[in-house]
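Enquirer: Sequence order for the protein chains is A and B.
Quick note on numbering: numbering that gives the first Met the number 0 labels position 246 of the first sequence as 245, and the sequence is numbered without any gaps.
Quick note on numbering: numbering that gives the first Met the number 0 labels position 207 of the second sequence as 206, and the sequence is numbered without any gaps.
Some clues are possibly wrong.
[As the list claims (entries may be wrong)] Cut-off 25 Å, straight-line C-alpha distance, at most; resulting in silico cross-link-like pairs (PhoX-like, lysine-lysine):
no., chain 1, residue 1, chain 2, residue 2
1, A, 297, A, 323
2, A, 222, A, 297
3, B, 44, A, 7
4, B, 44, A, 222
[Claimed, not checked] Listed next, the stretches of chain A that the computed footprint assigns to chain B, with coverage defined by at least 3 CB atoms under 8 Å from CB atoms of chain B:
no., region
5, 197 to 203
6, 207 to 217
7, 233 to 245
8, 285 to 292
9, 300 to 306
[Claimed, not checked] Quick look at which bits of chain A chain B covers, simulated, 3 or more residues with Cβ under 8 Å:
no., region
10, 2 to 16
11, 32 to 43
12, 62 to 69
13, 124 to 134
14, 146 to 156
15, 329 to 339
Because the hints were derived from the structure by calculation, they are not lab data.
A virtual CB, placed ideally from N, CA and C, is assigned to each residue, including glycine.
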Amino acid sequence: MGALDGLKVADFSWVGAGPRATKDLADNGATVVKVESARRLDLGRRSPPFAGGDRHNRDASVFFAQTNTSKKSVTINLSDPRGVEVAKRLVAWSDVVVENFGPGYMDRIGLGWEVLQELRPGIVLASVSVAGRSGPMAGFRGYGNSAAAWSGHCDMTGWPGTEPHMPPFAYGDVVAPMMLTVAILSALEQRDRTGQGVWVDVSQIEAMVHVAADLFAQMPDEKPANDDPSFAIHGVFPCAGEDRWIAIACETDAQEAALRGVLGDDDVSSLTRAWEAEALETALVAAGVPAAAVLDGKGLAEHPALNAAGHFVEVDHPVIGRAKMPAPPYTFSETPGTVGPAPCLGADNADVFTEIGFLQDEIDSLTAEGVLA
Amino acid sequence: MMMLDGIRVVVLADRLVDFGGSMLARLGAQVVLADATGMTAARRKAWHKGMGSSDAPLEALLDGADILLDDRRTDPRAGVDALAARHERLIHVVATGWPEGQPRRPVTDLTLMAQSGLMHVTGTPARPPLRLPGEQAYALTGIQVATAALMGLRARRLSGKGQRIAVSALQAAALANYREAVMYEHTGRVGRRRGNMLVRGSSGVRQIWPCADGFVTWSMIDNPGMMRALVRVMTEHGAAGELAQIDWDAILVADTDQAVIDRWQDIVADFFAKFDRVRLASWSLEHGLGLSPIIRLSEVPQSPQMQARGMFEDGVPGPLFAVHKGGGA
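Chain B extracted, bound-state conformation (with noise of 0.2 Å):
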């Protein structure tokens, strides 16, 4: 049995709640796609996965629906209010730009995530702020429209009827950014673009590193437990140098001098850059490291933890999470 199974969703879709729809299809609701404005293959293949189509009336379609997401990117959608408002006990997602109630404007997921604040932060200070990869605001997007539905089902529950919930991207993508305003509220200070450099206290530590076949990331951060075991394992291979004379418990490294950090980083760019990823990863894994391997996009399907949790069917991520003994999706 499926988490979902009997929920009926309607879905018109525009971008905002089509990964949404997905969800729900893929813990076992029945979803039908009513709308999809600007349909492209590899938007079907990405974000529609376990979605049904019709081309029935919507108003046919919300006969015994439980759900119907409704995304106003750019149509406003009129007439739609107030056909879902004839169905009591449906609940009825709502999916704008910006908030609604405020003045309607067209977005795209550049443009949301430009306005999160995390592009600023993200990049080279020598080059403009930088997006992360995909269709990052879209998804936050989907992932409220579905965690909206989901709560409004429970509420149904309680209460019998549906209700009406307005789900904004502006706000899912600003939800993300979990530190830049609260930053500046309470200390002024304003996030710069530092490239790989994680900056603590007053100096800044590398966050890539080469390795003998491609990148692992990892971080001289103030953890000492850490640090023992990298030492241990480069002492192992001759390659601790003066790192193993440190009492890592009785240092500060965010407040270490930059010139000597740099030098000690040196020692372990040299031993990174002897191994490669599959072995520093198993050292990781082994002795809590806290390194991890650079994978690239094209080997994550195929890295052995997708493999044993099931996690790409045809090629796209399928299950959104594990159920361990109760059955599920």
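Same shape as in the complex, but just chain A (with noise of 0.2 Å):
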């Protein structure tokens, strides 16, 4: 038994905002069906790695295998009138639905948040978008970066002095899922108590915001870069080879007399360049110092205690092969979470459109018509 056993997702969301919040769930129990469109391909379903370096096969993205282990996928073409209505039938089914389309896109095909409680009373509505649904940004259509740039976090990443810095991942599509998760877990909270559906949504930027409590609790003039005033030794120093580096960081006397104890009384920096960076950081954390080399893609994939924590799972696709996928961070006693394959574009139609009430021949002529591709 899974955490989120017997919750029923119906998953209109794509690329990275939404679906790694319905993976979280997926991963926890809860049957998550995500909506798709050949005719409108899920960008995920393009975006590199892919499995054999075959671009052309919508089916090979490891980034979309990645992003929705756990899922069924279903095809309908929300463009046809036909396909809403097959998309109602879709939400009276679930619990949630999960959107994160254009400002708007909602109401225009008729599955606006009256229509949705209509359909399902009881019903959470999870929103996720770079500005969030109210507001004079309601309208804004973001990418990967908009919401570094809007909150803070660019203006307070890089080196003291210089210009803005934008680091190469879209972090804002790493914090508001999470914050997406927490959001349709407290609002199934309510609804269970109260039986009234709830409208969450969540903004990307006020997750990022949120994500940097510290700094508006303090408001530093500058950039931190790598230091922290409050402890006595705090930064990334240069070890023997390239590109290696050590992070270090001292948050207690003892740590700093056990750190001069390996290292000696010299400056930090010249001193940590004659070791190997994994032996320093042994001998540091043998000596009870915070210390971690910095790893690189390739350390992080082979890293020992991830990999012996079951941080990556392997699992077989039908198209990828065999593949680490990453788990959740989190381990229950009694309702472990099980992490499987990512769906095939449109792997699961006969399943679901059963069971949500079609008759296989309603299936085959909706299949014909396009409706449902």
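Taking the hints as your guide, dock the two standalone chains into a single complex.
Expert: Shown next as structure tokens:
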């Protein structure tokens, strides 16, 4: 039994910000039906890397596979009114609807909040967007970097005295879905006690603001970079080899003394250069000093503790083959999660459409007419 | 009514669970801080919003509690497991630095981020790897702690029983890196620090641009609609130059020669430099340019969007998200 067994989710979201939240739910037992269309392919299916380098195979994206573990996939053409009627049946089956469409799209196709409540009283609608569904920026169409720009992250990233820095990943697409998962679970808690539906509205910008709460509490004039003045030693230091570094953070006097016991009393940067990063990490950790080599993608993939803890789960996928997928960072004693493969496009059409009440000949004709495509 | 009205939470905090406890409080739970190693005013203001505190013995606080957030970053907290096990309905969330079952080791936000693979690609090639600003590993772990607690509540609704849930800060930080490990595993490529260049295919494009009163972010990516929209605005101001002649549906920027991209970017740079962030942002909102102004940290709380959504309370972030027409947090 998973923690979320019995929970039914109609997932209209795509790319990263919605799907990472519904992955959380699916990996923990919820039945998540991902609504897709071959006519408007999830951009995640076009995102590298691709198994075997096959970028033309819509089921070969490992990015997509990682983001959509344990889900089912159906194809519905929402630009066809008959497709919207099919979607309404799916909504009536579900406890939760998740969407990250452009502003107003759900209303335009006839799946607005009022309609959803009529279809399924007590439903939870979970929306995620760059700026949220209200306020002067409700209509804003942004990209991965937008939330970093609007939240102060970009301003505070980089070295003191330099221009703003934009990391090469969409951090808003990481923290917003985490907040969306919390929003969905807490909305369900309220729904279960009151019977009332709830529409939760998560903003990527606001999620980014929340995870920078310590900066807002102190409001520094300058970028902190790797510094933290409350620590005796806090930084990233060079090690032997090309682009090899170690992070060291001495929180207490005892840790600083232990560091000196390992390294000596000279300038830390000059002392660390003589060490291999992993050897120094081992020596410092053994002495009780918080220290860690700065890992690249290879180091992360091969991380002994992460692999031993089951952080990467090997899953068989019909196109990708056996591949590692990230697992949730928590372990339940009584309701363990299970990470399954991501679905191929439309792989669950027959099962899902039958479950929500369609007869096989209806499914066949709607498929032939391009409604279930 | 708040979403978690009636839920009682006890918190033993040492950075890993702080934000998680505060999140549950903001959702309406009654959250009591029973221990907080190394408390500072800044930490309290940033990460403890909504929490109360108590000096009562943990044993007494656990009577009637629904959730215990048990932070074992520096202290293994001997005896707490046995105490928690006496309460059948208690959801006991235990947060550690390294995953349980692995040797304990000292961790901080910086050392956790170092192991996430994110620092290695943040910054410039000529300087050391950079962390993201703020205490991101702690914040990420806090969100996962809240998530685990809420999933425990839902499971209890089905089974009637609580359970023990182990959360690893190392895993929470590593999970935020959605690209570097998978790119290495499937292509053998290892990401590098490239400053503010966004590299796709055989070429790179800028992400940060000076404007009249600061900076904006925008990238010349393969999005024909966005490119046409920008060129239309530039044309209205007589600034499009050769960009007006390009069929954006017929080219792939990612495969274009770097010298040509640089020439095109120079035209864009001259245009952006003439206007301020408010003007450029309003065009972006109106025309879908994909551009955002880079807001200074001190400007964020007063931005119209934050004000309209009531995002800040007493100078720090308040509501976790908005709730429409249904009540709640």
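Enquirer: Count residues of the region 62 to 69 of chain A with a Cβ under 8 Å from any Cβ of chain B, then say if the count reaches three.
Expert: holds (count 3)
Enquirer: Cut-off 8 Å, C-beta pairs, minimum 3 residues; does the coverage of the region 207 to 217 of chain A by chain B stand?
Expert: holds (count 10)
Enquirer: Mind checking the alpha carbons of residue 297 of chain A and residue 323 of chain A for me, to see if they're no more than 25 Å apart?
Expert: The given pair, whose Cα atoms are some 13 Å apart, holds under the 25 Å limit.
Enquirer: Verify the proposed pairing of residue 44 of chain B with residue 222 of chain A, using a straight-line Cα cut of 25 Å.
Expert: holds (20 Å)
Enquirer: Tell me if chain B covers the region 2 to 16 of chain A under the three-residue, 8 Å CB rule, please?
Expert: Coverage by chain B holds for the region 2 to 16 of chain A (6 residues, Cβ < 8 Å).
Enquirer: If you count the residues of the region 146 to 156 of chain A with a beta-carbon closer than 8 Å to a beta-carbon of chain B, do you get 3 or more?
Expert: This one holds; 10 residues, not fewer than the three required, reach chain B with a Cβ under 8 Å.
Enquirer: Closer than 8 Å, Cβ to Cβ, for at least three residues: run that test on the region 124 to 134 of chain A against chain B and report holds or violated.
Expert: n = 5 at 8 Å, threshold three: holds.
Enquirer: Residue count check for the region 285 to 292 of chain A against chain B: does it reach three with CB-CB under 8 Å?
Expert: That given contact holds, which follows from 6 residues of the region 285 to 292 of chain A lying within Cβ reach (below 8 Å) of chain B.
Enquirer: Three or more residues of the region 300 to 306 of chain A near chain B by CB distance under 8 Å?
Expert: Our answer is that it holds, as 4 residues pass the Cβ test (under 8 Å) against chain B, meeting three.
Enquirer: Okay, the region 329 to 339 of chain A and chain B, do three or more residues pass the C-beta test at under 8 Å?
Expert: holds (count 6)
Enquirer: Verify this for me: three or more residues of the region 32 to 43 of chain A with a beta carbon less than 8 Å from a beta carbon of chain B.
Expert: n = 0 at 8 Å, threshold three: violated.
Enquirer: With a cut-off of 25 Å on the C-alpha distance, tell me whether residue 222 of chain A and residue 297 of chain A pass.
Expert: violated (29 Å)
In summary, the structure is inconsistent with hints 2, 3 and 11 from the numbered list given earlier, while agreeing with the others.
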